[in-house]
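There are 2 protein chains.
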Amino acid sequence: MTTPPKLTRREMLAGTAGLVGGAMLTGLPLEGQAPEPAPAVPPDATKLQGAPTAPLGARSPFEAPTRAPSGATTGSSLTPLQDLSGTITPSDLHFERHHAGIPALDPARHTLTIHGLVDRPLTFTVDDIRRFPQVVRTHFVECAGNGRAAFRAPKPEMTAQQVAGMLSTSEYTGVPLATLFREVGVRPEASWFLAEGGDACVMTRSVPVAKAWDDALIVWAQNGEPLRPAQGYPLRLLLPGWEGNINVKWVRRLELGTRPWMTRWETSKYTDPMPDGTARQFTFELDAKSVITSPSHPDTLARKGWHAISGLAWSGRGRIARVEVSTDRGATWHDAEFLSRPEPKSPVRFQYLWEWTGREATLLSRATDEAGFVQPTRTALIAERGLGTDYHFNPVLGWQVARSGQVTFFAET
Amino acid sequence: MTTPPKLTRREMLAGTAGLVGGAMLTGLPLEGQAPEPAPAVPPDATKLQGAPTAPLGARSPFEAPTRAPSGATTGSSLTPLQDLSGTITPSDLHFERHHAGIPALDPARHTLTIHGLVDRPLTFTVDDIRRFPQVVRTHFVECAGNGRAAFRAPKPEMTAQQVAGMLSTSEYTGVPLATLFREVGVRPEASWFLAEGGDACVMTRSVPVAKAWDDALIVWAQNGEPLRPAQGYPLRLLLPGWEGNINVKWVRRLELGTRPWMTRWETSKYTDPMPDGTARQFTFELDAKSVITSPSHPDTLARKGWHAISGLAWSGRGRIARVEVSTDRGATWHDAEFLSRPEPKSPVRFQYLWEWTGREATLLSRATDEAGFVQPTRTALIAERGLGTDYHFNPVLGWQVARSGQVTFFAET
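Taken in sequence, the protein lines are chains A and B.
Using this note's numbering, read the first sequence as starting at 698 and increasing by one per residue.
Using this note's numbering, read the second sequence as starting at 698 and increasing by one per residue.
Keep in mind that a hint or two might mislead.
To be verified - Listed next, the in silico EDC-like pairs over lysine to aspartate or glutamate satisfying Cα-Cα at most 16 Å (straight line):
{"id": "1", "chain 1": "B", "residue 1": "K1001", "chain 2": "A", "residue 2": "D824"}
{"id": "2", "chain 1": "A", "residue 1": "K1001", "chain 2": "B", "residue 2": "D996"}
{"id": "3", "chain 1": "B", "residue 1": "K852", "chain 2": "B", "residue 2": "E1052"}
{"id": "4", "chain 1": "A", "residue 1": "K852", "chain 2": "A", "residue 2": "E1109"}
{"id": "5", "chain 1": "B", "residue 1": "K1001", "chain 2": "B", "residue 2": "E1052"}
{"id": "6", "chain 1": "A", "residue 1": "K1001", "chain 2": "A", "residue 2": "E1057"}
If you are wondering where the hints come from, they were derived from the structure by calculation, not from laboratory data.
As the structure is a prediction and not an experimental result, all values here were calculated from the model.
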C-alpha cells in the first residue's frame, strides 16, 4: 500500500497516555459517531460475562443498515451502499424491485417447465434442478432504472443508496441453462425463449437463446444459502450482466420460439424513448458504471490528510479493466487500485488514496470495461439519449466536498 | 459439464401432461420434502398480491438453517454445512467459539492500542482504523477443535454440521497489520506480539511478528457489512489459515516483544498432547482438509442414477491444489472438479458426478494443498499423534450409502 494516514501528536499522546493510565479501557467516550439513541453497553465489557450463543447471529445494535424504499414506488427498495464494504451484498440487504409483491412459494410444489420448440418438453421439480451439476458464480444484479432520480433531478442531499442502490452482488449457485436446454433438446430453429415468473403479475420477458448457450443460469442459492423470497425463491433465471427485470424471479416456465413475445415488459416498459421519436428496445446489457461509496453524503470529513476513496465499478459486458478517480471535477484523472480481482459481470471494489488539503473538491469515478466501453459524462449521455429515457443510466457522477468537510452529491448539470 | 441426470419416462410424461393440462400450475403437491409443519402458502400465488418490501429481507419460511450448539459447550455453535451451497457462509450462520460470551462493545469507545517494542505507541479508534488503505480478502476461519467428536467417537448419525461445522468463510475487509506496524514503527528486535481481546476472559495469544509482515489483517467487515458481534465487532485480528482461537476477536491491544507470553490459551489449551508425553505447541496452521456436504446424513438418495457429490476443501497453507473423491471406500480415487477458483487460505467448492447403481457405497474426499500436504487417513493420523490430541483433526472421512439410499457418517476405524 502507500502512505498511511498521519496521526496527530495529540492522538499519539492520547494513545500513550491511555496505555500508561489505562484510561481508554475504562469506557470514557472517545471521538466517534454513535447512532442515536446509543444502545446501552456495560462500562467495561471485560467485567461481565457476554451474551450466549444463539441459533442465528444478530447485528450489533450500533449497526442498523436498512433498505430504503425508492421514492413513491411500493415495490422496490435500495441497498445501503454507503454502509457496505467489500463486494458482497448481505442477502437481507439485496435491493428489490417487484411489480406484484413477493409471492409465497412452496419449494415442494414449485416446478420449472421447458417447452415449445424442444424435442422433449419437461417439467422439473426444484429437487430435479438441484441434482444437476452445479456452478458457483459471483454476479451483480442491477435494475435497469438504477440511478433514474439522480439522472433526472440530481439533489445535493442524495446518498449512494439513492444514487445507485438498485445494485447488489451475490455468490450464486445454480445450473447452467445450457444444461437444461440440452436435456429438453432445444431445436436449432429456436432463437428466442419466453421466461415466465410465478408472481401475481406473471412477469414475462423474451430472451435470445444465445444467452442460454453463453452464461445464463437457473440459480437456487445466493451467498451460500437458498435464495431469499425477494430474490426469486426457490428458482431464478440469472442472465449475468443483463438488466435486472429480465432476470425473472420465481421462474416457472420457459417457452422456446422464433420471435420475441412483445410482452408488456418489453414494449410499454423497459424500453428507452429517444429524442428522435424512436425507442431503444431489448437493451439487455448494463453499461460500465461506477460509484464512490466512501466518502459519500451524509459523511463529513473530520480532518485534513489522507483519505481512502472507495467504491464499486461494474459492467454487464465483462470485467472492469480500469477505474479512474478525479478529485478536481474531471480536470485530472488517476488510476484507482482494485481491492478484489475483476471477474466477468461482477463488481470490483476500488480504492484511491487522496490527501485532502481542506479546500473544496469534487470527487468523480470513471469505469472502463474490458470491452472498451468508458463511462460517459452526463452531458454526453444526454446528448445521445435525451432526458426522456427511463433506463440505463451510467453517467460519471460523484461527491462535492466543502471546506467544512461536508460531502454532498454531485452530478454534472 | 458432463452427463446430466436421466429423467424417467414417467417424469417426462408428467412434465408433458402438466404442460397440456396446466395441472402443475394449480398447486397440486408434487414429490418433495417440505419441513414439518409446512408453512401456509396460497394455492396459486399468481392470484394474490405478494408481500410488500421491508427494510430487511427475510428467509423463506421453508428454509430454517440454524447453528447447533456443540455438545456440552455453551460457548460454541456450528455452521449447518449441509444446508449451504457455494463458498460463502451467511454471517448469521458463522460458527462461534467464545470463552466468556459475546461482549457488547460501543464502536465509538472501542480502541486498539499497539505498544511494547515500537517507536511510537499508538491508540487507534475504530474510525482511525477504517481510514487506512483497505484490502478485501476471502478467508475461512476454523476452530482448532473442529471435528473432535467425529475423530474421537464417530457415530453414524453425525451430520456435516457436527463433523466439520466449526468452519466458516467470509469476504473480509480490513487493513493489513503490516500497515499499522509500520505506523507505530515496530522495532527490528520484536519477534512476537501479544494479541488481547476485549471480552470477559480477556483472550490473549502470542503471535510471531512474521505473520504480520505476511498476511495478517485487522478486519472490521465480513460479507459486505460490519463484523457481527459474535465474530469480533468492531475489530478482529485475522490470521489467515491459522487456528480460530488465535484470530483474536474484539481485539483491543497488541504488545510487541521478543518471546511468546505463554498464556493459558497456549499452554493448558490449544496444545496437543502426544503419545510420547511431549506436547505440540504453537501449531498455528490448519491442515489440508475436506468434507462432502451433499449427500450427507440425514439425506436419503431417492433414486439411482447420477448424483453430484459436492463439498468444501481448504488449507491453512495456501490454495487447494487437488480434491479426489472415492465412492468405494478408498479403493479408487477420482479427481473432483472445482466450482470456484482456488484462492489462498480460502475454501473451494468441489463436485464429482457419480452414478449410483443402488449398491452400498462409501463416499470419501481427500484434499491436497499447493504446499503438497495430503489429507491423511484417520489411521495414519492416530499413528502419528495418538487419540489424546485435542486439536487439528483433518482425517479423510465421508459417508456410507446403504442400499436403501440412507446416508450415514463414515470414519475409518
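**OP:** Identify every previously stated hint that the structure contradicts and give their numbers, smallest first.
**Re:** 2 and 3
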